[in-house]
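*Asks:* For chain U, the structure is supplied; the task is to place chain A on it using the hints.
There are 2 protein chains.
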Amino acid sequence: MNFLEERIVKDGVVKEGNVLKVDSFLNHQIDISLFDEIGREFKDRFAGRPINKILTIEASGIGIAAVAATHFGVPVVFAKKAKSINLEGEMYVAEVESFTHKTKNQVIVSKKFLSGNDRVLIIDDFLANGCALQGLIQIVQAAGAVVEGIGIAIEKGFQPGGQIIRNLGYKLESLAIVDAMDPVTGEITFR
Amino acid sequence: MNFLEERIVKDGVVKEGNVLKVDSFLNHQIDISLFDEIGREFKDRFAGRPINKILTIEASGIGIAAVAATHFGVPVVFAKKAKSINLEGEMYVAEVESFTHKTKNQVIVSKKFLSGNDRVLIIDDFLANGCALQGLIQIVQAAGAVVEGIGIAIEKGFQPGGQIIRNLGYKLESLAIVDAMDPVTGEITFR
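Just so you know, the protein sequences line up as chains U and A, in that order.
Numbering-wise (numbering that gives the first Met the number 0), the first sequence opens with residue 0 and increments by one.
Numbering-wise (numbering that gives the first Met the number 0), the second sequence opens with residue 0 and increments by one.
Okay, chain U solo, but in the shape it has when bound:
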């Protein structure tokens, strides 16, 4: 097991309905030294790629992306999920459906912050059905930019998002892929 898998076994909680609660270190309370290790690992896994921008989506992707960006030395752009009065001007918009919240959201990025010159690393905390990720990829392509890679902390391998993205030829690196979870015993099986 790698450092993230070990942490999931130690502090993650498996709930009914394929829910993996990692809110004590990943997406409500944040363990910053863990995020730093995740950032370093992404930097290793995408070494040699000419990445000049990291793209993520609010809210829980922002912390991982920001700490990872300290290793890459590039700016972060985070997509917004709802139209704000401060988000004016030309925007890229993709519609996605959240697995967690059962709602449809528009994923929005200002055209000012993605262009044909950008070589983008997409980072997010979770990958399940991959709808948010598909929206981000759609936006990178709409900008004429290149997806250099996709870095995910935890992928639910029993949901189709990761496979779809790999089938499309993207370099997707998930630091922990959960293939099965048992809500009765709490056991977690990693790929």
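Source of the hints: derived by calculation from the structure; they are not laboratory data.
Hints may contain errors.
If several chains are the same, the list does not tell them apart, and a pair holds so long as it fits within one copy or across any two.
As the list claims (entries may be wrong) - Calculated pairs, SDA-like style, for lysine to any residue (alpha carbon to alpha carbon, straight line, at most 20 Å):
#1 111 <-> 168
#2 110 <-> 90
#3 111 <-> 30
#4 42 <-> 186
Keep in mind it's a predicted model, so treat the numbers as computed, not measured.
*Replies:* Frame of chain U, contents of chain A only:
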């Protein structure tokens, strides 16, 4: 002018309706080296305070808080604005109204992540009317924890949030306090 005021003058845009757009470096695209400097400055300004946790609120507070936390070596907790199916169990809830979005939100923190042992630094990107901040303070107090300080990147000094918080005796450090903005000339006056 300090480093943040200089950046606001260089890249901020003043709009009608007391809107200061800083989305090219602060709250849509993130300049990570600027965030690192902000984090270091907070560390200096709250030196000697026994801070063991940083509290912020989604979404745009998370990046600043996460990078600042690398300087403090403490975990970050970010309050959520809407009830998620993954947020179960006992929660602290405060109701706040957003100046930007004109909507009421519930600010929510799991009781697991704030306790009477916590000495909390609250961090956010903006302070205007201070409703979100008031909600965070309310939650820290409900937990029996102590607000050791409040670090804000940009305070709109012509709105009442900052004065209210200082009147209540909190150590509030805003790295840039905007006292006036002219949407015609674009001129920004700092305190």
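*Asks:* A separate judgement is required for each hint: does it hold in the structure or not?
*Replies:* Against the structure, the hints:
Neither within a single protomer nor between protomers do residue 111 and residue 168 lie at most 20 Å apart by alpha-carbon distance, with minima of 27 Å and 41 Å respectively. Proximity of residue 110 to residue 90 under the C-alpha cut-off of 20 Å is restricted to the intra-copy arrangement: shortest distance 5 Å within a copy versus 38 Å between copies. For the homomeric pair residue 111 and residue 30, the shortest alpha-carbon distance between copies (14 Å) is at most 20 Å, but the shortest distance inside one copy (32 Å) is not. For a Cα distance limit of 20 Å, the shortest separation of residue 42 from residue 186 qualifies neither inside one copy, at 30 Å, nor across copies, at 40 Å.
Taken one by one, the earlier hints fail for this structure at numbers 1 and 4, listed in ascending order.
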